[in-house]
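Trainee: Given the structure of chain A, go ahead and fit chain B onto it with the hints provided.
There are 2 protein chains.
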Amino acid sequence: MPHPLLDKHRPLLDGALNAIATRGYWSAFNEMPSPKAYGETAPADGKAAFDAHLGQQFSLDQPGQTGWHGGEQSPYGVDLNVQYPVCAIEALIAAGQQAMGGWQKIGADGRTGICLEILDRLNRQSFEIAHAVMLTTGQGWMMAFQAGAPHAQDRGLEAVAYAYREQAFVPAETIWEKPQGKNPPLVMKKHFEVVGRGVGVVVGCGTFPTWNTYPGLFAALATGNAVIVKPHSNAILPAAITVRSIRAVLAENGIDPNLVTLAVTNDRAATQQLVTHPAVKSVDFTGGNVFGQWLIDNCRQAQVYAELAGVNNIVIDSTDSYRKMLGNLAFTLSLYSGQMCTTSQAILVPAGGIETEDGHKSYDEVCADLAKAVTGFLAKPEVAHAVLGAIQSADTLKRVEEAASGRFGTVVLAPQKLENPEFPRAEVRTPVLLACDAGEEAKYMEERFGPISFIVKVADTAAAIALSERIIATHGALTAGVYSTKPEVIEAMTEATWRSKVALSINLTGGVFVNQSAAYSDYHGTGGNPSANASYADSAFVANRFRVVQRRYHV
Amino acid sequence: MPHPLLDKHRPLLDGALNAIATRGYWSAFNEMPSPKAYGETAPADGKAAFDAHLGQQFSLDQPGQTGWHGGEQSPYGVDLNVQYPVCAIEALIAAGQQAMGGWQKIGADGRTGICLEILDRLNRQSFEIAHAVMLTTGQGWMMAFQAGAPHAQDRGLEAVAYAYREQAFVPAETIWEKPQGKNPPLVMKKHFEVVGRGVGVVVGCGTFPTWNTYPGLFAALATGNAVIVKPHSNAILPAAITVRSIRAVLAENGIDPNLVTLAVTNDRAATQQLVTHPAVKSVDFTGGNVFGQWLIDNCRQAQVYAELAGVNNIVIDSTDSYRKMLGNLAFTLSLYSGQMCTTSQAILVPAGGIETEDGHKSYDEVCADLAKAVTGFLAKPEVAHAVLGAIQSADTLKRVEEAASGRFGTVVLAPQKLENPEFPRAEVRTPVLLACDAGEEAKYMEERFGPISFIVKVADTAAAIALSERIIATHGALTAGVYSTKPEVIEAMTEATWRSKVALSINLTGGVFVNQSAAYSDYHGTGGNPSANASYADSAFVANRFRVVQRRYHV
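So the sequence lines, in the order shown, correspond to chains A and B.
In the working numbering, each number is its position in the first sequence, counted from 1, plus 10.
In the working numbering, each number is its position in the second sequence, counted from 1, plus 10.
Excised from the complex, chain A in its bound form (with noise of 0.2 Å):
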């Protein structure tokens, strides 16, 4: 007998499971932020939710309670002031293993329906959630809606899909009969059963903390694992109401609640004790390079999928669209301020210049087309800072001013600071363009990330492409992209991404763009190069996370 929230949602699941085998486009839920959509009350009501949390302490009922915290400073300059429980993490650990056992008692089908229950609550809640993405991360409001809510729910549903695929492989139960000639055969009763590898921790980061952090959590939690949430210091709340969600629907379904918890911490000792403790056999990481990095070498007791810096690139070889290719570029460089780990960072260009319908372009007009570009679209302020929301983190400023310095290359583009009459303390800039020669390896080799791009002069197309593939392959990129009427080069572009193992949009001129990757559809990183060991989502982001143990007898 299914059990009965996997009946409830089925439409759900089923819709998920074509999406993920036939990858078009699909989606569970709606991304525009309307009342028809959500309900008449919906906006005034997730508004009120998200108030209602300001400048109080965040009760989640967690085991081990030590003492509160917060801190979370808004991009946008608003005083949050939320407290959130800090917990010893022995006690959530401890309390997440004795969970397990009922998590794995209802198996895979009861897993999979009350995931799908969380979900559908999350999304009830996208208004509420979005408000909290938008003021901890600088989003503008229409992606911190879209991003942080249903698109970030959507990525939760493919990665319990892709849980569910594979766990339904297993059958419960087989009867094993092999043939002994004239002898009656062997017969043998077998059981599976999943069962989750052990607690599972995931680590969100400071600008996507739904988007990035769903996917690992709906992936580890669906595979029968208890899930602690460590979020980014300055993004908690996202993750606090969404944890605060789980442990209702676990409870009100016989579940116990400290399945998933969320830790919070100002401690880096704590930190580290938790996701090196011997029974955290998975974690989740999204961020820089450094804490990545040690996350690989210091976890060797679990699993680690971590998506960690990149040097996205575009080839520009030639376009018969030049104005429809710079409009997609000046939206890509602005959105989010370029705080996207999708956001191209070096666009590299022949120092011969290219062919357009408009006739030739140096690289000089380029640069200048593209600079002019980005300044046209980001003319009207409502636009601005809709776009562009505010600056995350003062790393990130700081990396802004030395680029307006000139210190990584010739400034084509000066960054603006922009007044946003909302947010009086926002800190709010426009895209630094910078140009440099493919030698000056230093400047633009690393991520820089922010809206700080590159145009990078090469001696011509094919080297373009080659300085990509290396880019790709010693640096990583989560996204690739090639602009060439030629069919050759276009080629030539894709084998290159076959052997650095990236994602490639070619030619994009319109309303898609390189640094936007679609939940059911577009795989998010390819698991193939320094930029991530693990995509979002596939068999394999899920299928190590949990074990199969057998028994057998005869009969």
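One or more of the hints may lead you astray.
[Unchecked claim] 30 Å max Cα-Cα, derived BS3-like pairs, lysine-lysine: (1) Lys390/A x Lys46/A; (2) Lys46/A x Lys188/B; (3) Lys199/A x Lys496/B.
Rather than coming from a laboratory, the hints here were simulated on the basis of the structure.
Mentor: For chain B alone, kept in the frame of chain A given last:
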């Protein structure tokens, strides 16, 4: 259009796909070494093919050959004197990388078809391979044939089936069409390319040079990787025959044969250079903890799939088939002189003895009766030699002597040296049984590979179950067993194995033995305890061996 070899072997693939989904009994390859199954002349032809290798140079036409190396010592004392090509590691790796492009381009269908053709070819060489396995490992003839040929081929096919299933989920292309309200939809064409991760190295073991090699070999190969087979220095011939056949099938089908090569070396540094090479992205290993842990610690550039040592154990609580239980255990302990990674090493018996259909049996009686059962089972020399085979290594011979000295426990059954009339120089030993107390952990709680088993006196059944769980969680095990007439004991043992993550055999008294695992049905290892970090064969064994590289563009 499907690849012609996939068409040709479609029933084989479909059979395997169905078998891994249902986990009932199925086999693609006949396990009886009979002329009826393999053709009238097959036994003689196979023997002749094997004999033709002896004293010869085994040519493979691989790149970078620098010399020849041999030196295999047959446990049966037969002179082999085969010489194998020694090739420069860099040359093998470069050639493998070079060959991967063509292997990628024929796609999952083509790779699967060619792998099936290879397995079919290897099956026709079963007698030749069986002689090679027998003479290099010391296995008895029947085991050498079954485990060395058809069962190994089944394990290879199983890996191909898993690899095919996972790759088949990835559509070659899709149209992604996202509605835009009243505006025209966004439409993207997307292509998804399955690419191997790099060169795979498969490190063979000295006891099962095909059975333990084929899963990793075919998992890596079918998912698009080049493979370098590094055989155990004393069991090269079965691997060399395998590699030569693979290279022949590849070449016949237009694939560069250097995709699969044999790495023979007498130089530890060369092996280390091979497995830590940046181009090597997976290492499959079966063998001891020292080198296995070295691989895990040092091959950080690769996924390491390692099957290491363990302390397999059985809890005896009670039985209603005392004689059959003893007979089943006697066979397990004797088969291939206990030189299986699945042989039970520790038999946990309550100090107060056990209840049987034949009345109460004290701990001492159980020890004596098991000793008698082994002695009785091996009483006829022809049975003894067929079952025991020969001792594979001098290290194992030494361990048997040490065990016989009483150093590891009270000798309940002393080993006997048997003379094999057919192979006068064969080293044959009957099993050693030792008795010790549960507290004497240093004696039984590490792997003592070979025909050495302990009957461990434990306070009671509950303590035995707890001890079993602790042994497995801390030292690992590929197999566990329990004998009990009480449902609550079986339940408690079952739950313990869910925590320690080991396959459990319950009340085996018939023609199935705890040390045997059947392809398609039994998971060999769980990947969840220290004896192995992966299982043959499941989705996790294949899903992370390839990556998906996508490209997309407007249409």
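Trainee: Please go over all the hints and tell whether each is borne out by the structure.
Mentor: Going through the hints against the structure:
1. Annotation: proposed proximity of lysine 390/A to lysine 46/A holds, straight-line Cα distance about 28 Å (limit 30 Å).
2. Among the hinted pairs, lysine 46/A with lysine 188/B is consistent with the structure: their alpha-carbon atoms are about 19 Å apart, no more than 30 Å.
3. A threshold of 30 Å between alpha carbons decides the hint, and for lysine 199/A with lysine 496/B the separation of about 18 Å falls inside it, so the pair holds.
When each numbered hint is compared with the structure, no violation occurs for any of them.
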